[in-house]
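Visitor: One-letter residues, chain by chain:
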Amino acid sequence: MTSISLRPPRHRVQPRVVAWWTLRALCGTALAVAGPLAAWFIWESSRTWTGPVAVAILALGLLYAAVVPYWRYAVHRWETTDDAVFVAAGWFVRDWRIAPISRIQTVDTTRGPIEQLLGIATLVVTTASANGAVYVRGLAPDTARAAAEALAEITRGTPGDAT
Amino acid sequence: MTADGTAPPPPRDGTAASAHGAAPEADHAGPPPPADDAGTGTGSGPPPAVTGAPRDDAPETADAPPPDDRTPWHRLDGRMIGADALRVLLSMAPAAVALLVVGVDPDAGVVWPLAILAAWGTFKAARNTIRWITTRYRLTDAYLERRTGLFVRTHRSIRRERVRSVDGEARLLQRLFGLRRVKVGAGQMNTAMESALVLDAVSRGAARDLHARLLGGQGAPTAAAEAADGAMDGAAADGTASPSEALLLSRLRPWWVLYNCFSVWGVLTALGLAWGAWVTLGMFGFDSYAWLRGLADWGSIGVPGTVAAAVLATWAVGVAGLAVNFATTYAHFRLERTTGEHGDVLRTTQGLFRTQEINRDENRLRGATLSEPLLWRWLRVADPLIITTGLSMWSAASSVLPRCPRGHAQRVLARILRTAGDDDPLRAPLRRHPAGALRRRLVWAAAVAAGSTAVLAWIAATTAMPHPVWWISGPVLLLVGSGLAVAGYRSLGHTFAGPYVVVRSGAVTRATSVLRTGAVSGVRVRQSLFQRRLGLATVTVSTAAGFGGYEAVDLAAPHAAEFADRALSGGLAAFREPAAAPER
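One line per chain: the protein sequences are R and X, in this order. Going by the working numbering, the first sequence opens with residue 1, and the numbers climb by one from there. Going by the working numbering, the second sequence opens with residue 1001, and the numbers climb by one from there.
You may find that some hints are simply not true.
Partial pick of chain X residues on the chain R-facing surface, computed with a CB cut under 10 Å [claimed, not checked]:
no., residue
1, Val-1264
2, Gly-1285
3, Ser-1288
4, Gly-1305
5, Ala-1308
6, Ala-1309
7, Ser-1521
8, Val-1523
9, Arg-1524
10, Thr-1543
11, Ala-1544
12, Ala-1545
13, Pro-1558
14, Ala-1574
Listed next, with one range per pair, are the computed distances between beta-carbon atoms [stated by the list, open to error]:
no., chain 1, residue 1, chain 2, residue 2, range
15, R, Leu-31, X, Trp-1120, 37 to 45 Å
16, R, Ala-59, X, Val-1443, 23 to 31 Å
17, X, Gly-1451, R, Leu-31, 19 to 27 Å
18, R, Asp-142, X, Thr-1134, 54 to 62 Å
19, X, Thr-1134, R, Asp-108, 40 to 48 Å
20, R, Arg-111, X, Phe-1151, 47 to 55 Å
21, X, Gly-1451, R, Ala-140, 43 to 51 Å
Just so you know, these hints were derived from the structure itself, not from any lab. No residue lacks a Cβ here, since even glycine has one placed at the ideal position from N, Cα and C.
Go ahead and model the full structure; you've got the sequences and the hints to work with.
Guide: Here it is in structure tokens:
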């Protein structure tokens, strides 16, 4: 058992985000079950195997929705310093991302409809790399806005070319 | 050598793009300027003054509408019409020959392909003619402008100082008429994946003139190609265009064709060729099927023999097709370094019938990849690629050389990166990854073999599939998987060499990538629970160039933070656990 010699980022996120992850997992499960279920209704001769498949997907999805959001919440942390944005995420696969301030291209906050309902926001930090942005989910909207403004402020003052 | 000798080394980092308007030259994490190395004979002059142009990656159209001065507008070259007339004639020729000369029955199977061919040729010719009628371009003091379009008129203007490349290419028909298709690039490739402006087609002289006026005069855009195709174009007067201005980095060795004519594409090539021949011969009333039947006594050879003969024939045709394709594409291939107005440029010129020239701005160079497919690794043959911003890794421009011997590829890439001797990152000894990485791969191989065997056994038990399938496939899968696991483990490695981070991985295609640490725009450390048990972690360095991210797969977990820290030039120091910080 060897872990990475990185300390965890300083801040945790809002516990409300667990509800968001749970909802997302349930929606995903519903979509995944819809296929076999439709086949079960329409195509009668396939019921011998679409039934078990649908039940299996449903069971796995419910298990995922029950366990993984809490697991994610336990892992998910974030921090910004004057030099970098540091985010830890994931569940089975842990994921630490560091984006130096000098390479940041855009800083956004986004709030989907469910996030608005739950009163949380997502901070999205993109760099020039095509390799994906850094997401911090489940921030209180004020925190997210303040972090975005602070980052934008630091970014303006930091020389660099973002490539 | 003159051009190269006087050229200051290009600013490799920090000057390429300025996304939030900061001073372009200040790259806080930038490594020292590239070491002067004897290998390329490069002068060690002071870094060049930053050119006045703002180096935005979004050059597109003008900031302000260009003033309407008196510069006259030019048309595309009128010889286009001649080329298109010939195109129409050529596209109708097969039909004419088939129907009039050979006297084929005009039934539906024959007429349709011929009609489509003729219609396609006519359509292209009409389109070209409309483009000739509607297009005007001009080069003013500040802008290159083009107006085009019949129903949708577009007016595009590019500031002259933003023009980064002027590439000329010509297809066979265009070459016969002395025409060139000119692609003007302004560094917008990473967003739009297209050239800023295309002029299709202008005369060779006009192309040369455009290149000279846009990129500072010294080299003709198609100088090397001209020299190569002078005979075909008839007018070889300009064939002597100063090749001494460029430093030749590599040319083609004829035997490289051997390395480039074996690939899976060969099968597709063969099938395409066979289908084309079948249809064409059928049109002329030739019964290919009967001819094939008459070739040998297939009945006595039997099914396995027939299949073997078919596979061999397909393979041979494919190899021949790829060889011819390679020879025509890469004929007269030259890779050179020339000096442009905005720094040095890597230029390749190639082509027998269709000439092509690609210029790559060296300011955008961030590293290189040496890719070695499994079978070719034994023959010490590799594919060299360069990592640059603004170019898709799948585009032809990222490939600076065809597949060639590994030693040659390493030497050329070292000269491109201006690294040589002990510092050469492509030859640096790599740090191996822990044995846990091998165990992880072997477990995966065993799991895949066991899983697929179980599924096959279940299928065999419930259906009519014979049982030997699963008890043969199981061991075979295990053996192949274990072999790949060992190969994958052996290819793992990483190190730091000078300003470069080096990572290597890949079981089937082993890829060694070197990337300037100054170009790293973030790191990502990943660790699954399995990796955690085995003491492994995967570190991805992301960058704005090439594939966007390069992975050091399964390195020792205690070493991961240090690797990430060095790749980020110390940007991780604040996040490392104090106890682990001094560990090496």
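Visitor: Would the hint on X:Ala-1308 be counted as holding, given a Cβ-Cβ threshold of 10 Å to chain R?
Guide: violated (40 Å)
Visitor: Does X:Val-1264 pass the interface hint, meaning its C-beta sits closer than 10 Å to a C-beta of chain R?
Guide: violated (27 Å)
Visitor: Can X:Val-1523 be said to touch chain R, with a Cβ gap under 10 Å?
Guide: holds (5 Å)
Visitor: At a threshold of 10 Å, is the proposed contact between X:Ala-1544 and chain R supported by beta-carbon distances?
Guide: holds (4 Å)
Visitor: Between X:Gly-1451 and R:Leu-31, does the C-beta distance stay in 19 to 27 Å?
Guide: holds (26 Å)
Visitor: Quick check on X:Gly-1305 please, does its C-beta sit within 10 Å of some C-beta on chain R?
Guide: With Cβ-Cβ at 42 Å, over 10 Å, it is violated.
Visitor: Would you settle whether the hint for X:Ala-1545 is holds or violated, based on the nearest Cβ-Cβ distance to chain R being less than 10 Å?
Guide: holds (8 Å)
Visitor: Restraint: X:Arg-1524 near chain R, CB-CB cut 10 Å. Satisfied or not?
Guide: holds (5 Å)
Visitor: Please check whether X:Pro-1558 passes as an interface residue: C-beta within 10 Å of a C-beta belonging to chain R.
Guide: Constraint on X:Pro-1558 satisfied, holds at 6 Å.
Visitor: Against chain R, run the beta carbon of X:Ser-1521 and see if the smallest gap drops under 10 Å.
Guide: With Cβ-Cβ at 4 Å, under 10 Å, it holds.
Visitor: Taking 23 to 31 Å as the hint, is the beta-carbon distance of R:Ala-59 and X:Val-1443 inside that range?
Guide: holds (26 Å)
Visitor: Does the closest beta carbon of chain R sit nearer than 10 Å to the beta carbon of X:Ala-1309?
Guide: Since the shortest Cβ distance to chain R is 42 Å, the answer is violated.
In the structure shown, a violation is registered for the earlier hints numbered 1, 2, 3, 4, 5, 6 and 20, in ascending order.
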